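Chemist: Listed below, chain by chain, are the residues.
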Amino acid sequence: MAEITVSEPFPIFQVAHRYLLYDVNTVTYARRTHNITGVLIGGLPQAPQQNVFSGIPLELMPEEARLLVEKGVSYIVDDVAAHRKNFLAHGLSAEEKKAFMRSMQRQGVDAAKAQQKKAVEKKKDALKKAEKKGASTENWNDVPDDMFAGPRKSKAARAAEKKAKETAQTDGQKDGAAEDETLFGAPANPVTEWSAGELDPAAQQLHEELGESLKITPTTSYPPIRSEPPPPGEALPLPEVPSSYPVFKHMHENGYFLAPGLRFGCQYMAYPGDPLRFHSHFLCNGMDWDEEFDLLRLVGGGRLGTGVKKGYLIGGEEKKEGAYQESHVRAFCIEWGGM
Amino acid sequence: MADADEDAIPRTGPDAGETDLSDETQDFRFLASITGEEVKIPKRGEKDFEPHETALQSNILAASRAAMHGALSYPRIHTPKKYTLAIYHPETNMAYAEDPKGPLFKSMGKVYPPKDDPLGVREANVNRLWLLPEEILYLLERGTVDVRWPAEGDEEDGLGAPMSLQGAYAAFIGMEDGTGGVLTFERYSVYAGLRRAGYMVHRAPSWDGPGNAPGGECLPPLPGTSWSLGLLSSRLRSSFWRKAGASSNDQISGPLAAPSCYRSYAEIYRRLALVPFYDPALRSPDGPDPTDPNFRITYHVYKPGSPLYKKSDPGPPDFRIAVVNARETCVPALAQLGALLDTTPYVPPREDMQLYQKLRHGYKSIILAIVDQGVTSYLRLADSGIGREKLFDRVFKPGGGKRGGGNRGGGKRKGR
Numbered sequence: 031m032a033e034i035t036v037s038e039p040f041p042i043f044q045v046a047h048r049y050l051l052y053d054v055n056t057v058t059y060a061r062r063t064h065n066i067t068g069v070l071i072g073g074l075p076q077a078p079q080q081n082v083f084s085g086i087p088l089e090l091m092p093e094e095a096r097l098l099v100e101k102g103v104s105y106i107v108d109d110v111a112a113h114r115k116n117f118l119a120h121g122l123s124a125e126e127k128k129a130f131m132r133s134m135q136r137q138g139v140d141a142a143k144a145q146q147k148k149a150v151e152k153k154k155d156a157l158k159k160a161e162k163k164g165a166s167t168e169n170w171n172d173v174p175d176d177m178f179a180g181p182r183k184s185k186a187a188r189a190a191e192k193k194a195k196e197t198a199q200t201d202g203q204k205d206g207a208a209e210d211e212t213l214f215g216a217p218a219n220p221v222t223e224w225s226a227g228e229l230d231p232a233a234q235q236l237h238e239e240l241g242e243s244l245k246i247t248p249t250t251s252y253p254p255i256r257s258e259p260p261p262p263g264e265a266l267p268l269p270e271v272p273s274s275y276p277v278f279k280h281m282h283e284n285g286y287f288l289a290p291g292l293r294f295g296c297q298y299m300a301y302p303g304d305p306l307r308f309h310s311h312f313l314c315n316g317m318d319w320d321e322e323f324d325l326l327r328l329v330g331g332g333r334l335g336t337g338v339k340k341g342y343l344i345g346g347e348e349k350k351e352g353a354y355q356e357s358h359v360r361a362f363c364i365e366w367g368g369m
Numbered sequence: 282m283a284d285a286d287e288d289a290i291p292r293t294g295p296d297a298g299e300t301d302l303s304d305e306t307q308d309f310r311f312l313a314s315i316t317g318e319e320v321k322i323p324k325r326g327e328k329d330f331e332p333h334e335t336a337l338q339s340n341i342l343a344a345s346r347a348a349m350h351g352a353l354s355y356p357r358i359h360t361p362k363k364y365t366l367a368i369y370h371p372e373t374n375m376a377y378a379e380d381p382k383g384p385l386f387k388s389m390g391k392v393y394p395p396k397d398d399p400l401g402v403r404e405a406n407v408n409r410l411w412l413l414p415e416e417i418l419y420l421l422e423r424g425t426v427d428v429r430w431p432a433e434g435d436e437e438d439g440l441g442a443p444m445s446l447q448g449a450y451a452a453f454i455g456m457e458d459g460t461g462g463v464l465t466f467e468r469y470s471v472y473a474g475l476r477r478a479g480y481m482v483h484r485a486p487s488w489d490g491p492g493n494a495p496g497g498e499c500l501p502p503l504p505g506t507s508w509s510l511g512l513l514s515s516r517l518r519s520s521f522w523r524k525a526g527a528s529s530n531d532q533i534s535g536p537l538a539a540p541s542c543y544r545s546y547a548e549i550y551r552r553l554a555l556v557p558f559y560d561p562a563l564r565s566p567d568g569p570d571p572t573d574p575n576f577r578i579t580y581h582v583y584k585p586g587s588p589l590y591k592k593s594d595p596g597p598p599d600f601r602i603a604v605v606n607a608r609e610t611c612v613p614a615l616a617q618l619g620a621l622l623d624t625t626p627y628v629p630p631r632e633d634m635q636l637y638q639k640l641r642h643g644y645k646s647i648i649l650a651i652v653d654q655g656v657t658s659y660l661r662l663a664d665s666g667i668g669r670e671k672l673f674d675r676v677f678k679p680g681g682g683k684r685g686g687g688n689r690g691g692g693k694r695k696g697r
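So the sequences go chain by chain: A and B. Residues in the first sequence are numbered from 31 upward in steps of one, following this note's numbering. Residues in the second sequence are numbered from 282 upward in steps of one, following this note's numbering.
Simulated from the structure, these hints should not be mistaken for lab results. Treat the numbers as computed from the prediction; the structure is a model and nothing was measured. Some hints here could point you the wrong way.
Using 20 Å as the maximum straight-line C-alpha spacing, the simulated DMTMM-like pairs for lysine to aspartate or glutamate come out as follows [claimed, not checked]:
hint, chain 1, residue 1, chain 2, residue 2
1, A, K143, A, E125
2, A, K115, A, E125
3, A, K162, A, E151
4, A, K115, B, D435
5, B, K362, A, E125
6, A, K127, B, D435
7, A, K245, B, E379
Using the sequences plus the hints, can you model the full thing?
Modeler: Below you can see the structure in the form of structure tokens.
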């Protein structure tokens with residue numbers, strides 16, 4: 031696969047205090063280049079009745095969104111305001127709208143063509159399979175084969191009959207006229223071709239001329255809306271993050287992929303590489319440097335982590351100047367011994 | 282520490298079949314096995330421990346990412362045969378369809394009476410189905426409906442621009458507060474997840490307010506009526522030991538178990554039961570507490586395939602679900618939880634259930650859907666009557682150990 035890139039900074043869309051990505055290229059790019067996975071929260075139109083695989087949109091934790099903005103590779107867009115302005119308040123000019131509708135129509139025509147092609151191929155495949163099956167099975171009592179072969183045979187037979195009739199007619203009317211034979215031969219051929227499961231070329235041409243266009247629901251609204259990085263000073267405020275952000279950032283800087291971890295009993299799950307490929311190593315929890323907490327939390331967390339073969343990691347940011355490395359964040363890993 | 286053989290752990294434990302595949306990031310290369318003709322559930326946990334910079338590993342990862350990219354770029358194309366058009370209505374933040382096609386509409390949408398139609402009086406021959414924000418967003422997302430922005434008057438075909446998936450999220454969730462709606466990302470995630478799993482989901486009356494006051498079905502029956510309900514034996518017993526219990530005058534002045542002739546240990550234990558306990562089968566003297574807005578029943582959920590189900594009158598739900606935002610709320614306090622449970626119906630465990638089943642079943646229960654940044658966990662909380670299940674009153678099967686503490690009989694079931 032060719033490496034997919036998008037131009038930076040790319041937009042992150044804010045809806046109801048959530049940070050979302052809708053463009054599939056951006057999703058792939060952020061994952062590959064910035065180790066940001068987010069959580070896919072949508073459904074897949076090709077497999078709508080399951081919950082194992084999810085689809086676009088991709089929800090980013092506020093931590094992830096903030097990290098991307100702080101790195102300068104993306105900016106936040108108020109998506110609700112953008113849609114309100116462009117679709118409900120005549121924000122799009124007539125030309126922009128027309129161009130958008132035209133491009134939708136073009137996509138629709140392409141989709142229609144692709145679908146037709148697929149249907150033809152499917153039909154061919156099915157026929158091939160049926161033929162193979164019919165040739166190999168000698169048991170003609172087999173019901174489905176019989177049912178399938180029946181009408182086809184009769185159709186072919188009908189075509190042959192028709193042809194025979196027609197030639198008989200020609201023979202009777204214009205005896206020995208060689209030119210006319212080809213004239214009459216022509217209409218018989220499409221009938222047999224049609225029954226063999228190929229698309230009628232005339233019908234196909236008609237479709238092309240009419241420009242049959244399927245309706246499409248686009249994934250993103252950009253285009254027709256255009257988005258540009260805000261000029262300095264007018265950017266939306268940085269996403270609000272919980273106090274565990276320093277640990278999140280620290281782990282991320284050290285190459286870990288982080289995912290929300292509530293259902294595993296922690297704040298973040300830390301993966302050594304892309305979660306598509308790797309098991310997680312740590313259950314992370316962020317704390318304030320001077321925060322007091324129960325020893326039981328360490329025991330519970332340690333037992334939980336060890337029980338699922340992961341390390342229980344806590345960390346915080348030291349407020350002292352130049353205390354430890356540059357990021358001032360220290361992390362500790364707790365494992366239960368003797369289990 | 283974890284090791285690479287994590288996959289090799291034999292999964293023969295009691296929960297081998299209950300592994301939730303949606304728990305983890307799945308390898309999209311296996312999606313084809315779902316969408317293809319043969320339905321196979323992808324294998325779980327074929328992952329590595331850590332990157333080791335081999336070409337094999339990076340190639341597999343690249344293939345997974347390519348498969349993911351491909352799966353995510355699948356377009357939503359509407360075929361003319363199943364085409365359903367819906368138009369966004371910004372004033373109500375809903376959408377309407379006049380010619381809905383497909384089985385999904387049997388459990389979605391609402392046709393208003395002609396007078397109440399939000400577009401003004403509806404003519405008799407128009408069948409206008411109104412879809413709630415979560416319904417239309419779900420339908421758009423699964424590629425069933427083509428939603429249009431309202432026309433602005435200069436279009437060729439009289440229809441507005443097609444609403445994109447992004448536009449739908451911005452409108453149906455982002456513009457909710459403009460119309461007083463309360464659909465949030467958490468609520469939508471839960472709705473769509475349950476729908477994808479095949480359940481039918483409706484808003485509960487307490488969707489955006491305290492809802493109706495809990496009715497009679499939420500209260501335990503009064504002692505008088507329970508006689509006729511076949512709870513005779515347990516009631517009789519409880520009223521009996523109450524009399525013989527703490528209030529007895531002998532016990533106040535003398536020993537708890539006065540010297541006398543006891544024919545079983547149970548009689549002595551009954552006399553020792555002094556500590557008052559919460560009994561879920563009794564009505565509380567004061568009415569139900571007001572519920573906390575963060576902990577209210579959000580959805581009524583119905584199992585698919587019920588012959589009694591009707592969209593306009595779905596009847597009592599199979600499950601009640603309260604959606605909770607993990608980042609903005611804490612674990613509910615007893616008062617919050619109690620008020621929430623007060624609004625659920627009273628369903629006592631069957632008398633013939635085993636002890637631990639009874640405790641698990643409880644007298645009232647609620648399912649919490651806790652959403653943390655798009656990841657949903659379901660928890661079932663039940664109001665179990667531990668104080669009502671007297672261990673000394675249990676009847677052991679004949680043939681079990683006579684002393685109760687042996688290897689068989691009661692001791693066996695005592696717990697894990």
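Chemist: The structure should be examined with respect to each hint, and the outcome stated for every one.
Modeler: Hints, one by one, checked against the model:
For the suggested pair A:K143 and A:E125, the alpha carbons sit about 27 Å apart, so the restraint of at most 20 Å is broken. With a CA separation close to 16 Å, the supplied pair A:K115 and A:E125 stays within the 20 Å bound. Pair hint A:K162 plus A:E151 holds up; C-alpha atoms about 16 Å apart against a cutoff of 20 Å. With a C-alpha separation of about 17 Å, the suggested pairing of A:K115 with B:D435 holds against the 20 Å cut-off.
Of the pairs offered as hints, the one joining B:K362 and A:E125 is violated, with about 31 Å between alpha carbons and a cut-off of 20 Å exceeded. Under the criterion of a C-alpha separation no larger than 20 Å, the hint pairing A:K127 with B:D435 is consistent with the structure, at around 10 Å. With a CA separation close to 17 Å, the supplied pair A:K245 and B:E379 stays within the 20 Å bound.
Of the numbered hints stated above, those contradicted by the structure are hints 1, 5, listed in ascending order.
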